[in-house]
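Visitor: Keeping their order, the protein sequence lines are chains R and C. Under our numbering, the first sequence has 172 at position 172, and the numbering climbs by one with no breaks. With the second sequence counted from 1, adding 1000 to any position gets you our numbering.
Bear in mind the hints are in silico, worked out from the structure with no lab data behind them. Take these hints with a grain of salt, some might be off.
Claimed, not checked - Keeping only pairs whose Cα atoms sit at most 20 Å apart, straight-line, the calculated PhoX-like set for lysine-lysine is:
id, chain 1, residue 1, chain 2, residue 2
1, C, K1300, C, K1271
2, C, K1271, R, K346
3, C, K1196, C, K1530
4, R, K271, R, K300
5, C, K1510, C, K1445
6, C, K1300, R, K346
7, C, K1535, C, K1445
8, R, K271, C, K1346
9, C, K1295, C, K1261
10, R, K271, R, K290
11, C, K1346, R, K300
12, C, K1445, C, K1541
13, R, K45, C, K1346
14, R, K478, R, K445
15, R, K441, R, K196
16, C, K1541, C, K1441
17, R, K290, R, K261
18, C, K1045, R, K346
Chain residues, written in single-letter form:
Number of protein chains: 2
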Amino acid sequence: MALMGQMMSMPLMISSLIQHAARHSGETEIVSKRVEGDLHRYTWKDAELRSRKLAQAFARLGCRAGDRIATLAWNGYRHLEIYYGSSGSQLVCHTINPRLFPEQITWIANDAQDSVLCFDLNFLPLIEKLAPLLPTIKHYVLMCGRSHMPAQSSIPNLLCYEELVEAEDGNYAWPVFDENTASCICYTSGTTGNPKGAVYSHRSTILHAYASAMPDAMDCSAKDVILPVVPMFHVNAWGIPYSSAIVGAKLVFPGPHLDGKSLYELFEGEKVTFSAGVPTVWLGLINYVKGNGLKFSTFKRTVIGGSACPPAMLATLMDDFGIEVIHAWGMTELSPLGTLSKLTSKQLALPQEQQRRILEKQGKVIYGIDMAVIDDEGAPQPWDGASSGNLVVRGHWVIDQYFGGRVSPLVDVQGAGSWFPTGDVATIDADGFMQITDRSKDVIKSGGEWISSIDLENIAMAHPAVHEAAAIASRHPKWDERPLLVVVRKPDAELTREEMLAFYEGRIAKWQIPDDVVFVAEIPHTATGKIQKLKLREQFKDHRLPGA
Amino acid sequence: MALMGQMMSMPLMISSLIQHAARHSGETEIVSKRVEGDLHRYTWKDAELRSRKLAQAFARLGCRAGDRIATLAWNGYRHLEIYYGSSGSQLVCHTINPRLFPEQITWIANDAQDSVLCFDLNFLPLIEKLAPLLPTIKHYVLMCGRSHMPAQSSIPNLLCYEELVEAEDGNYAWPVFDENTASCICYTSGTTGNPKGAVYSHRSTILHAYASAMPDAMDCSAKDVILPVVPMFHVNAWGIPYSSAIVGAKLVFPGPHLDGKSLYELFEGEKVTFSAGVPTVWLGLINYVKGNGLKFSTFKRTVIGGSACPPAMLATLMDDFGIEVIHAWGMTELSPLGTLSKLTSKQLALPQEQQRRILEKQGKVIYGIDMAVIDDEGAPQPWDGASSGNLVVRGHWVIDQYFGGRVSPLVDVQGAGSWFPTGDVATIDADGFMQITDRSKDVIKSGGEWISSIDLENIAMAHPAVHEAAAIASRHPKWDERPLLVVVRKPDAELTREEMLAFYEGRIAKWQIPDDVVFVAEIPHTATGKIQKLKLREQFKDHRLPGA
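Bound conformation, chain R alone:
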């Protein structure tokens, strides 16, 4: 008979994160640039007390275990309190992306059957419009103080966040319950079909927080001042509200002020050391800093994910600003972190040029996640840095099914059980470094060989006259599919089809060079900024390739 361990039995609870931060880093600051425009400061101790008061307020509103508390809010201290006040009291925090189209927001709130909706001041007009379409929501909470409440609103019984919190005494002990209880729901962006909800648990969130704070991941410590540019409505800001509590770091929230000037002033004013965000957000910041001849005095490293970091951006941040760029890959179904690119002792001995090539990959998995690349029959592909296949993962913070019992389409890996198919196509090298080569639905299948649309786009983007480019599959009678390149030229730039195609010579195998180029005024994007290739393929479905 197995012998059992004899250790204290305590569930992994999200409330213990903020309790830890309050007890052991109680005086450490949380600074928020508010929607109202001013700078708000308080401490982890204050945040924990107010989160407890908020938990009391939710209970007073009649919320019961399992109820969903929706948010439509920027990064700020009140949003943080909702994270902890809801999950900590056995409610479920449901962050909604305000950049989605109104009909998507409505669809998501109804699918999740949200009970309460908390939202920032600037979303009031939007919510007034949507409220009649949201039958499950019993309480609307405007995230501001009494003085900012509207004189009147079409929303009946609109509640004031600060009044709710201030009415409570904080005499509340965080409950202890099953660690597999739901803590949050995050919806996928739904590039194909309706968005689907990923339901995280307390356990998966804590394990993700441990793993993501480790040195080869985000490397978070009490020495850090962390500014998450990645929004709290986007996969929980990659877990930073949790990982910063685990280490007791100072937190800085930018609110809706994400332009280069606002960010730069906040980075400098609060001595930010670490940040995280998608590639596009850094463009504005880099341009502002370069354009004004400024430099960063404390900013040391950043995680870049969401989509692949262009090599040119990686070079600018590292070479011009001395900022360590940690390239990462993840997805909503992974809470979100899967891999990060940090050099190993062996790789640090390589010439810098080779190191840079490695850093451009999406990196190694953190312990808790396992990955493989498989072919369409589920056979694992070799880890040689060249053989590409469908990327599949499994682990403690990977979903098993979607909200509402929608089963996720797990796939069998030969000899290794069920894994989650990421929809990405990737290679893995002998050191375990993964590189995304494409989305599986975007890869161009030419005569049985796969051509990476991302590779084609990266080459096009390196041409000085190209503003944006997308490579899509176009039907071909002999090869099934051949690449078609869709290009938006830079304003006033000149570029012909022939010049574009010639640019590929020597940069990629001849048979992978696109068969044709079309120039357009605009490429369609999703609400989260991704290229809508499905729409593009639809648009060019009758395009006839030369020689086809």
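Given chain R's structure and the hints, the job is docking chain C onto it.
Guide: Chain C only, in chain R's frame:
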């Protein structure tokens, strides 16, 4: 009704650590200085395969779930394989400290009812002597290859480790079972009474590994080359065999070769970046390096724990060698890590002298452990850096009871449930930094006030003529107890009672200065190098203080 999370359900398994290292850092080296004298090299991939073969061998020997596999071994790759091969196959790894007295080793092996004993070559004479006293052990395994097996031994059917491993094919899948299953037993050193076994679980070990690898703890990464000087028979080498797998670091094992020269050559030859050990082991290394005018070229940081790191040693390592010293505190009942001393962003702005005082403290808890200081009635004391009390802890890797159902004496903290009493007396400051001031049984209670024996010893040790000093309580008719200082002079040094007492003037409050000094040739130590104060108090129980 609560909503449950919808994440993949996977238990936290120790086997997943070495699988992770083999898959994702397969070519990273593990280098061992063997008992045989040579240097052995292989990789995490090799270690995982051989651990699987060893699991097969244990099964072939008839071991069943829950059986205890004892080791008497130095730090080396075979010991690592036993860690994973036993725990990974639902057996329990029981490391025994070979520095204990033979009767203690016998007592512990019988208490744990070990089934198998694996031991290094140089312990053969000892085990031949003890074997008749160990009725539960069915198999003795000598950790060497065939060529090192003795021609004959008094141990019947003495098995050869390499033969056992090589006989298997490695065609073995790590089993998956309840994460609360026992993984290891470690015994306390037993300074008072018989040693007691702490029974770790797979879950507690994995959570400890996550926490201990974090930036504010041991800060382990794939960039590191880690040499654990702390023995694998001493609380699992502070978890380094697990935390190095979690990050895929290169591991270097020193075997029994712990003298300054051997260690230095290994540090340099293998480019060690990080190490960990008790204060005494660094003395030999420091003396060798200084005495030969050498320096370290890659060694960057070390964790020092087990007992308080003398400020002078901390200064030498940091100032003379540029090595970051991470002062730590833990105990067997804590797996073992509780606190580590790393500066926060706020503290990094302080003058260096103040930073140094902070680093001399034992530091902050890592997330997963909670601590408090309480008085004898269980009332929490303020976190002001001055109020001392009994240090109590609770957390995911703290024992609930000892092996064999021996209940640990949990204590009630007013309003906060049951906590484990560490037996240490400590202060905690407003930033959450804990400092051990004494063992609770060693503190000197003078007229209701507590005097720290450690403070008195640290002052004495700063006198150039003092080799070692111990402060103990001596009975006093008026004050109940008063301090008596027991001193061993340095060879050829001269020091009188009056000179010693005068040395305290201005260094500590007058009422805390010892009442008397006695000089002895030697101070008694335990097998693990701790001063036996119980024995000292017994020795001086009839000592009459002047004025008493």
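Visitor: Going straight from one Cα to the other, do K478(R) and K445(R) come out at no more than 20 Å?
Guide: Distance ~12 Å between K478(R) and K445(R) Cα, so the pair holds.
Visitor: Going straight from one Cα to the other, do K1300(C) and K346(R) come out at no more than 20 Å?
Guide: holds, 17 Å
Visitor: For K1045(C) and K346(R), compute the direct alpha-carbon distance and say whether it is at most 20 Å.
Guide: holds, 16 Å
Visitor: Is it true that the CA of K271(R) sits at most 20 Å from the CA of K1346(C)?
Guide: Given that 20 Å is the threshold and the Cα spacing comes to 11 Å, the pair holds.
Visitor: Hinted pair, alpha-carbon criterion (20 Å max): K441(R), K196(R). Please report holds or violated.
Guide: Between K441(R) and K196(R) the Cα gap is close to 18 Å, so the pair holds against 20 Å.
Visitor: Checking one constraint from the list: CA of K45(R) to CA of K1346(C), max 20 Å. Satisfied?
Guide: holds, 16 Å
Visitor: Does the structure keep K1510(C) and K1445(C) at a Cα separation of 20 Å or less?
Guide: Holds, at about 15 Å.
Visitor: Between K1300(C) and K1271(C), does the CA-CA distance stay at or below 20 Å?
Guide: The hint holds at about 10 Å.
Visitor: Keeping to a limit of 20 Å between CA atoms, is the pair of K1445(C) and K1541(C) held or broken?
Guide: Since the Cα atoms of K1445(C) and K1541(C) sit roughly 16 Å apart, the hinted pair holds (cutoff 20 Å).
Visitor: Are K1271(C) and K346(R) close enough, with their CA atoms no more than 20 Å apart?
Guide: holds, 11 Å
Visitor: Just to be careful, I want the Cα atoms of K1196(C) and K1530(C) compared with a cutoff of 20 Å; is the pair within it?
Guide: Holds: K1196(C) and K1530(C) sit about 17 Å apart, inside 20 Å.
Visitor: Between the alpha carbons of K1346(C) and K300(R), is the straight-line distance 20 Å or under?
Guide: Distance ~17 Å between K1346(C) and K300(R) Cα, so the pair holds.
No hint from the list above goes unmet by this structure.
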